[in-house]
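*Asks:* Since chain A is already given, all that's left is putting chains B and C on it; use the hints.
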Amino acid sequence: MTVARLQLMAGVVLAAALIAPLVPLAIWSFAHGWRFPDLMPRQYSLAAWTFALSAQSGVLSSLWTTFAIAGATTVVAAVIGLPAGRALGLYDFPGKRIVLLLLIAPALVPAIAIAPGLHAVFLHLGLSASWTGVVLAHLIPVIPYMTLILAAAFARFDPVHEDQARSLGARPWQVFRHITLPMIGPSLLIGSLFAFLVSWSQYLLTLVIGGGKVQTLPLTLYSFAAAGRNDITGAIALIYILPGVVVLIFTARRITGRHPSLARGLAP
Amino acid sequence: MSRRTRPLLLLAPALVLLGGLFFAGLGLGLVRSFRYMPALGLDTPDLAAYAAILQSGTFLASLGLSLWIAAASTVLASILALGTALLLRETFPGRALIGFLVQLNLTIPHVVGAIGILYLVSQSGSFARLAFAAGLVAVPSDFPPLTHDPLAIGIILTYVWKELPFIALILLANLQAIPPGHEAAARSLGAGRWQVLRHVTLPLLMPGLVAASSLVFAFAFGAYEIPLLLGAHAPEALPVATWRGFTAVDLMHRPEAYAMAMIVALVSAVLLALYASFALPRRARP
Amino acid sequence: MTLELRDVTKTFSDDASSGVRNVSLRLPEGQLTALLGPSGAGKTTAMRLIAGLLAPDSGDILLDGTSILPLPPERRGIVLVFQNALLFPHMSLAENVAFGLKMRGLPRDETARRVAEMLDLVQLTGLGSRRPHELSGGQLQRGALARALVLKPRLMLLDEPLSSLDVALREDMRDLIRHLQRATGVTLLMVTHDQSEAVALADRIALMMAGRLIQEAGPDEIFQRPNSVATARFFGGTNFLPGRADKGRFISSLGPLVLPPGQPNGPGVLTIRPEAVQLVDGSGDVRAQVTEKLFLGSQTRVRLLADGVPLTALVAPDRAEALSPGSWIGVRLPTHALWVLPAPAAD
Numbered sequence: 001m002t003v004a005r006l007q008l009m010a011g012v013v014l015a016a017a018l019i020a021p022l023v024p025l026a027i028w029s030f031a032h033g034w035r036f037p038d039l040m041p042r043q044y045s046l047a048a049w050t051f052a053l054s055a056q057s058g059v060l061s062s063l064w065t066t067f068a069i070a071g072a073t074t075v076v077a078a079v080i081g082l083p084a085g086r087a088l089g090l091y092d093f094p095g096k097r098i099v100l101l102l103l104i105a106p107a108l109v110p111a112i113a114i115a116p117g118l119h120a121v122f123l124h125l126g127l128s129a130s131w132t133g134v135v136l137a138h139l140i141p142v143i144p145y146m147t148l149i150l151a152a153a154f155a156r157f158d159p160v161h162e163d164q165a166r167s168l169g170a171r172p173w174q175v176f177r178h179i180t181l182p183m184i185g186p187s188l189l190i191g192s193l194f195a196f197l198v199s200w201s202q203y204l205l206t207l208v209i210g211g212g213k214v215q216t217l218p219l220t221l222y223s224f225a226a227a228g229r230n231d232i233t234g235a236i237a238l239i240y241i242l243p244g245v246v247v248l249i250f251t252a253r254r255i256t257g258r259h260p261s262l263a264r265g266l267a268p
Numbered sequence: 001m002s003r004r005t006r007p008l009l010l011l012a013p014a015l016v017l018l019g020g021l022f023f024a025g026l027g028l029g030l031v032r033s034f035r036y037m038p039a040l041g042l043d044t045p046d047l048a049a050y051a052a053i054l055q056s057g058t059f060l061a062s063l064g065l066s067l068w069i070a071a072a073s074t075v076l077a078s079i080l081a082l083g084t085a086l087l088l089r090e091t092f093p094g095r096a097l098i099g100f101l102v103q104l105n106l107t108i109p110h111v112v113g114a115i116g117i118l119y120l121v122s123q124s125g126s127f128a129r130l131a132f133a134a135g136l137v138a139v140p141s142d143f144p145p146l147t148h149d150p151l152a153i154g155i156i157l158t159y160v161w162k163e164l165p166f167i168a169l170i171l172l173a174n175l176q177a178i179p180p181g182h183e184a185a186a187r188s189l190g191a192g193r194w195q196v197l198r199h200v201t202l203p204l205l206m207p208g209l210v211a212a213s214s215l216v217f218a219f220a221f222g223a224y225e226i227p228l229l230l231g232a233h234a235p236e237a238l239p240v241a242t243w244r245g246f247t248a249v250d251l252m253h254r255p256e257a258y259a260m261a262m263i264v265a266l267v268s269a270v271l272l273a274l275y276a277s278f279a280l281p282r283r284a285r286p
Numbered sequence: 001m002t003l004e005l006r007d008v009t010k011t012f013s014d015d016a017s018s019g020v021r022n023v024s025l026r027l028p029e030g031q032l033t034a035l036l037g038p039s040g041a042g043k044t045t046a047m048r049l050i051a052g053l054l055a056p057d058s059g060d061i062l063l064d065g066t067s068i069l070p071l072p073p074e075r076r077g078i079v080l081v082f083q084n085a086l087l088f089p090h091m092s093l094a095e096n097v098a099f100g101l102k103m104r105g106l107p108r109d110e111t112a113r114r115v116a117e118m119l120d121l122v123q124l125t126g127l128g129s130r131r132p133h134e135l136s137g138g139q140l141q142r143g144a145l146a147r148a149l150v151l152k153p154r155l156m157l158l159d160e161p162l163s164s165l166d167v168a169l170r171e172d173m174r175d176l177i178r179h180l181q182r183a184t185g186v187t188l189l190m191v192t193h194d195q196s197e198a199v200a201l202a203d204r205i206a207l208m209m210a211g212r213l214i215q216e217a218g219p220d221e222i223f224q225r226p227n228s229v230a231t232a233r234f235f236g237g238t239n240f241l242p243g244r245a246d247k248g249r250f251i252s253s254l255g256p257l258v259l260p261p262g263q264p265n266g267p268g269v270l271t272i273r274p275e276a277v278q279l280v281d282g283s284g285d286v287r288a289q290v291t292e293k294l295f296l297g298s299q300t301r302v303r304l305l306a307d308g309v310p311l312t313a314l315v316a317p318d319r320a321e322a323l324s325p326g327s328w329i330g331v332r333l334p335t336h337a338l339w340v341l342p343a344p345a346a347d
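Chains as they are written, first to last, in the numbering used here: chain A, 1 to 268; chain B, 1 to 286; chain C, 1 to 347.
With the rest of the complex left out, here is chain A (with noise of 0.2 angstroms):
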């Protein structure tokens, strides 16, 4: 067998393989009863998505909830990260590698680890069963990523251009605006990408910090998995990866190139 045809084939039994797994959750949304051992449902219904989509089972308000979770983490992690990233890119320090071991330590370390711990604290700090707890709890594990992902961006910045922009009679705000902001942009973007993900997949720290009062897609999707209605699961899956994918075609176009745009994010 030539070498073209192997990776044909690699590539074909490779991109089933990532389909798989969605596939009987798109069929399920619109199945009207599936029995094994049926390959393929008998009657097909549009009731699952009906109800999913309907005020009373309460999916748009977790979508709503969810979106402005993580959008707030983004621009929390962002806010904080630009200064981060800038300290780690730009500046050799002492002590600079410890930084960076407890700037990924959060990253790394399961969140069951810290989160009896930090359910104690957010109780302390009357921060539990709020957003803005929910908020805070997320961004332990968004920060690393965004301050590593910008640290990178500043390393390749070379800030004499701020300089220039000043002294061409550019104000500091100005120099941020139209010049630290676009040379740093694309970086930006796929932080901010990835911190959005994080905090829009997180299931953990919302169901300790958030209480059961904070409830996003993940926790309601989980209460209707575990109560076997696989339908209207299939369809709030569904719903649930939707912004993934809208967000990655939209940023593909604007910054891949040839590249993975999420790769870049993911270099060392």
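Note that these hints are calculated values from the structure, not bench results. Just so you know, not all the hints are guaranteed correct.
To be verified - Residues of chain C placed beyond 12 angstroms of chain A at every Cβ, according to the derived structure:
1. Glu4
2. Gly52
3. Gly59
4. Arg75
5. Gln83
6. Phe88
7. Asn96
8. Gln139
9. Pro153
10. Ser228
11. Val229
12. Gln278
13. Gly330
As the list claims (entries may be wrong) - Taking beta-carbon pairs under 8 angstroms as the criterion, some of the chain C residues facing chain A (in silico):
14. Phe12
15. Leu53
16. Pro70
17. Glu74
18. Val79
19. Leu80
20. Phe82
21. Leu86
22. His90
Owing to the predicted nature of the structure, the values given are computational and were not obtained by experimental measurement. The beta carbon of each residue, even a glycine, is placed where N, CA and C say it ideally should be.
*Replies:* Same frame as chain A, but now just chains B and C:
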């Protein structure tokens, strides 16, 4: 503002926030794992919680299961990701589509992947139905249990499905950073395709692969919602056991949950050290 | 517009080499002054201090008699053009040139008109829509000049404007800077480490070494009548003879030499530029033995030893043809080319 204090000032918001939340949560968990909870009348720290869980067969089984899940997922995902990255570097029809699917997968939340795998491989799932159509099984219970099973196959499949693209994209970024001359030079020195892969490409990819693998191991070891959906009741994966212990009605069991959380943190610390030794340069930029 | 630095000092705790110490300097209006010195002399620091990108530890910087230290860089009316042109990569050439006007909130049509005018002046007509990566090194440098000049600055600072260019382009650029300065009447301060560049371009030269201003004078004067051994060395001086001036003569190990009028009495170092040293067939002022001969193309460099004193002469190649290491020759040191420097302080 001197050149020394400026970076620290810029880092302050991030460090204060992470310190106030992450390290406070970790620290409080550590204190309580020593059974120091004055509010409950426990005011002498001791190691009783650790002694209790280390002597409990249930805990050791949970720990063993989570280590197995993490190890199996990491090894499988790494090998397949390496192949995927090498494939994505080539030009072939459909490459753009696969590149898109790999990235798409990265945006899909784990819990969606877990449910998808559940509907695919459970005893009444799509694969079982295909097996029925092929005449291999008659009833769902004939199909081998791949979810809620002792070997945690469904959980491992979910992690492999989710983390393969993650590792592949890191490796692809590393591959694209390899100067093009290296591999060509090795070929011109008489190395075959496999020898180039074995002696040139793989060693250059190693740091990225180890760094990505330690991230994946830590995640597969500590994630909660996937074993919650796909795992068996006994033994439970460690994260599930930890959170159940914490939310148990009897508050006197909480120190044991804290101790389990600290064990997870300890395993993560080892992985963090591994990650740092491969992914963080000794000397930062001059 | 007159810029004045008064006793300006700026030191860095982590980099001893690049500070400036007690620098006082006046820039004459409408002229081109070159700030010359070896790397690490503090030239760029001086520029950044004037531009407002650094604050001095002590001293004052005045523009037309008023201190500009309280003003941030963008309000000083002084534009610094950095080395390597540094056009913003995410903007077209025209957007780059328009940058400062846009920051000031100038109306669009006027901005466009002035940008077009300026692109014409630097001979980049029609290239406004190009991105920096589509421009050559010389075009980038012109763009950087246009971007600064369009603001009609009170003072323009150029940091090594020629160093990033090929030798072939330097002369064009030199002419263009000269032309632009005359056409606009802008006061210019240019940092350079290349003394030939400074001599060819500047009305005045300020020589800096190790953070201090050593001499400030016109090119002729600083070249012919340096005020220290260090200055003379920097301008290619090679012949230094310690001794003392006494009643119009210089007494040294080469015997008494007649000095041009106006030289003060006392201990000093006699210098003569190598191209002024003449090799003659007779005995000349002193006899010397050739130690080395190097053909440099349009000139030949001859190293000599006269009574234990090393001398260097740059002579026409045919004059040196018959010489070879070891041969003896007469050396004439013409009176009009002799110049006495103060004896360096013992250190």
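*Asks:* Hint by hint, say whether it matches the structure.
*Replies:* Tested hints:
no. : hint   : in the structure
1   : Glu4   : holds (20 angstroms)
2   : Gly52  : violated (8 angstroms)
3   : Gly59  : holds (20 angstroms)
4   : Arg75  : violated (8 angstroms)
5   : Gln83  : violated (9 angstroms)
6   : Phe88  : violated (6 angstroms)
7   : Asn96  : violated (9 angstroms)
8   : Gln139 : holds (17 angstroms)
9   : Pro153 : violated (9 angstroms)
10  : Ser228 : holds (33 angstroms)
11  : Val229 : holds (35 angstroms)
12  : Gln278 : holds (49 angstroms)
13  : Gly330 : holds (56 angstroms)
14  : Phe12  : violated (15 angstroms)
15  : Leu53  : holds (5 angstroms)
16  : Pro70  : violated (15 angstroms)
17  : Glu74  : holds (5 angstroms)
18  : Val79  : holds (5 angstroms)
19  : Leu80  : holds (4 angstroms)
20  : Phe82  : holds (5 angstroms)
21  : Leu86  : holds (5 angstroms)
22  : His90  : holds (5 angstroms)
Hint compliance for this structure: hints 2, 4, 5, 6, 7, 9, 14 and 16 are broken, all remaining hints hold.
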